[in-house]
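Colleague: Working from the sequences, and respecting the hints, build out all of it.
Going down the list, the sequences are from chains A and B. Positions 1 to 337 (my numbering) are the ones given, in order, by the first sequence. Positions 1 to 337 (my numbering) are the ones given, in order, by the second sequence.
Rather than coming from a laboratory, the hints here were simulated on the basis of the structure. Careful, some of the hints might be misleading.
One-sided and incomplete, this derived list gives chain B residues near chain A with beta-carbon spacing under 8 Å [as the list claims (entries may be wrong)]: (1) Arg46; (2) Asn48; (3) Ser53; (4) Thr59; (5) Val69; (6) Leu70; (7) Thr75; (8) Asp113; (9) Val155; (10) Glu162; (11) Glu229; (12) Leu250; (13) Leu253; (14) Trp277; (15) Thr281.
Stretches of chain B that chain A covers, calculated by requiring three or more beta carbons in the stretch to come under 8 Å of a beta carbon on chain A [what the hints assert, rightly or not]: (16) 78-87; (17) 90-97.
Counterexamples of contact, computed for chain A against chain B with all Cβ distances above 10 Å [unchecked claim]: (18) Ala78; (19) Arg79; (20) Asp125; (21) Gly173; (22) Leu232; (23) Leu261.
In this text the structure is predicted, and so the values were computed from the model without any measurement. All C-beta atoms, glycine included, are put in the ideal place defined by N, C-alpha and C.
There are 2 protein chains.
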Amino acid sequence: MVSIKDVAAEAGVSVATVSRVLNSHPSVSPDARARVLAAVETLGYRPNAVARSLRTDQTRTLGLVISDVLNPYFTELARSVEEAARALGYSVIIGNADERPDLQDHHVRTLLDRRIDGLLVSPTDGGSPLMLEAARAGTPMVFVDRWIAGVDVPVVRADGREAVRDLVRHLHGLGHRRLAIIAGPAATTTGSERVEAFREALREHGLPLPEELIGQGDFQAASGRRVTEAFLALPEPPDVVFAADNLMALGALDAIRARGLRVPQDIGLAAFDDIPWFVHTDPPITAIAQPTGELGRAAVRALVDRIEGRPPESVTLPARLVVRRSCGEQSPENSPA
Amino acid sequence: MVSIKDVAAEAGVSVATVSRVLNSHPSVSPDARARVLAAVETLGYRPNAVARSLRTDQTRTLGLVISDVLNPYFTELARSVEEAARALGYSVIIGNADERPDLQDHHVRTLLDRRIDGLLVSPTDGGSPLMLEAARAGTPMVFVDRWIAGVDVPVVRADGREAVRDLVRHLHGLGHRRLAIIAGPAATTTGSERVEAFREALREHGLPLPEELIGQGDFQAASGRRVTEAFLALPEPPDVVFAADNLMALGALDAIRARGLRVPQDIGLAAFDDIPWFVHTDPPITAIAQPTGELGRAAVRALVDRIEGRPPESVTLPARLVVRRSCGEQSPENSPA
DNA sequence: ATCCTCCGTGTAATCGATTCCACGAGAGGT
DNA sequence: ACCTCTCGTGGAATCGATTACACGGAGGAT
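Modeller: Here it is, written out as structure tokens:
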């Protein structure tokens, strides 16, 4: 591999000068600059990012640890994060935790070992010692989507409270009264918050949320299936099932189908997180859409602010309800006048 | 940040000894080893991967450049690649090319600058000079899914020829005669191969593949929509549309829906690449499934073989047809006796 | 007792960059 | 004509690891 020394030799200058040209330092003569550039060209020289990082103590790399790449929501988030980071001259290394705390720790550790400049995390659990320690030690860090309470780290997320309220109003308007939820792990903020928002919205309509209508899922399709089967086996099954993420909604659809039931005639279904496929499922699924792209961009902005010494800002964006047909059609008597 | 020097000081030994302990070099006394380990523990020392890479000239990192992360097929591929790499002690940096040659080049360049140990590529186009140059220069490289002809690089991919033949037989058995295809970019191997396989399979049944039934797509949903609209506007529209990837199938479904037509009654739909969502679309979509996980594992195996000096192997795995309902139901008279 | 090995350890070179500091040349002021 | 200042440049230290080499001491062989 050709190094800066080779370039220096070829151009007849010192390595210092080559470095100066490459970093567009002002005090280099036009002549030297030209010779260096020519040498770079003929040798096909590319600076070694590893060496540069060692010296400058910055990698211009961001780490992104997400809970599950196979979840389209996170895929899209990852994509927008990469895009935003690239625009600011940063690369992104993605670590997929697969909803497993041990894997999450593995990635955080590797990322830290690689001396990434900052970390974007969507924690799978309440927070491993490793991550808390890193945050305390001053690693620039931003939580995205999910967060951990009691840590002084900016959070970029969507607030679904209002959208959940809209959803419940929609369901109530459709005549549904017995509403169930497939919750995410209580250790995740999104897991507990969505249940809370749901419960609160129900209360506003004077509806209860009994224990048997709260199913404990883990944001994976299989758990959605399992919980839904339990709902359906109830003496009095729910009118509608609200899944706290899109994968569990998929599992719920499976379970409903397996029972030979139809959506929405026999039971309604709604999901948190909207994805392109929901338009094409049978039936199209009513969902709460997060501004994923904006979330990714805001997270990168906050992290880079933090890295470059500017005060980072926590950001909360509203989610919104997208009504489709999976909870029943608007009939004349309950449509808005 | 605590460095190896701090550990050496704390343990009362030289940095060489610390390094030896950390790399489990045999000649270290039990006493010294214990003291070093203790020091590592109390200081919370973690070796700087950047420095180590500079010295050893290996990063234990693989680069993966894929055409489109949002495509579930590639997401799954990326996931299996990461998994397999992790098992072998490698990290993976993913570069998303978004089907854009310039972005692909950007990622290849950054990855090379970071001195990744090897590169896994699914080229968006016929091959940029940059990539060919890297291959020639000896960068360990393996093509996955798509490849570039005339380059001495192992290829790990699925062969869909047989599955396409099965598909056409299935369609023919259902009475469909006018079959159309939404092709991928001709510059990609998967783009041209799938059309070829389709054409050949049609020939076996004495069916033609006229120009007007070959639509040019780019593996993105929008192009599937556009091409399908054109098909539907034909004086004699096709009986079935076969999309060369799942995203274009999604677009096709959109277009068909927008025309107010029903699948499969008015027109059939099939896709290359099977994904979980196809089970839940309306109707469930008949597709050709690739052994994605196995593909990812084989690709990593080949690349790591190449990196570690063993002869790498090209691998071709069979794809298989998964029949669902999007091309029509099996009716009594054409069901297998 | 002497010599040779081998083992554990430390010193220092090295990887490829960046950057501080010193130095010489030329310009400009007096 | 001399001093000063600026500018372009090179030498060398530095980042944090790994590793070749040297060295001293212990143990075994003769």
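Colleague: Hint by hint, note whether the structure agrees.
Modeller: Structure-based check of each hint:
1. Checking B/Arg46 against chain A: minimum C-beta separation of about 6 Å stays under 8 Å; hint holds.
2. Because the beta carbon of B/Asn48 sits about 6 Å from the nearest beta carbon in chain A, less than 8 Å, this interface hint is met.
3. Given the 8 Å rule on beta carbons, the hint for B/Ser53 holds: about 5 Å separates it from the nearest Cβ of chain A.
4. Restraint check, B/Thr59 versus chain A: the minimum CB separation of about 7 Å is within 8 Å; hint holds.
5. A least Cβ separation of about 5 Å between B/Val69 and chain A falls short of the 8 Å threshold, and the interface hint therefore holds.
6. The beta carbon of B/Leu70 is positioned within 8 Å of a beta carbon in chain A (closest approach about 6 Å), and the interface hint is therefore held.
7. Contact between B/Thr75 and chain A, as hinted, is supported at the beta carbon level, the nearest pair being about 5 Å apart and thus within 8 Å.
8. Proximity of B/Asp113 to chain A holds as hinted, the smallest CB-CB distance being about 4 Å (cut-off 8 Å).
9. The interface hint given for B/Val155 is broken, as the beta carbon of that residue sits about 24 Å from the closest beta carbon of chain A, more than 8 Å.
10. With its C-beta approaching chain A no nearer than about 28 Å, B/Glu162 sits outside the 8 Å limit, and its interface hint is violated.
11. Taken as an interface hint, B/Glu229 does not check out: its beta carbon lies about 17 Å from the nearest beta carbon of chain A, beyond 8 Å.
12. Taking 8 Å as the C-beta contact cut-off toward chain A, the hint placing B/Leu250 at the interface holds, the least distance being around 6 Å.
13. Because the closest C-beta pair between B/Leu253 and chain A is about 5 Å apart, less than 8 Å, the hint holds.
14. Nearest Cβ of chain A to the Cβ of B/Trp277: about 4 Å, under the 8 Å cut. The hint holds.
15. A distance limit of 8 Å between C-beta atoms decides the matter here; for B/Thr281 the minimum to chain A is near 5 Å, and the interface restraint holds.
16. Restraint check on the segment 78-87 of chain B versus chain A: 4 residues with Cβ-Cβ distances below 8 Å, three needed, restraint holds.
17. Counting residues of the segment 90-97 of chain B whose CB lies closer than 8 Å to any CB of chain A gives 4, so the stated coverage by that chain holds, three being the minimum.
18. Listed as a non-interface residue, A/Ala78 fails to keep its Cβ farther than 10 Å from every Cβ of chain B; the least gap is roughly 7 Å.
19. Here A/Arg79 does not stay apart from chain B, with its beta-carbon only about 5 Å from theirs, under the 10 Å limit.
20. With a least CB separation of 20 Å from chain B, A/Asp125 remains clear of the 10 Å interface cut-off, as annotated.
21. At the 10 Å boundary, the C-beta of A/Gly173 stays outside the reach of chain B, the nearest C-beta of that chain being 25 Å off.
22. At roughly 17 Å from the closest C-beta of chain B, the C-beta of A/Leu232 stays outside 10 Å, upholding its exclusion from the interface.
23. Every beta carbon of chain B lies more than 10 Å from that of A/Leu261, the smallest distance being close to 14 Å; the non-interface claim holds.
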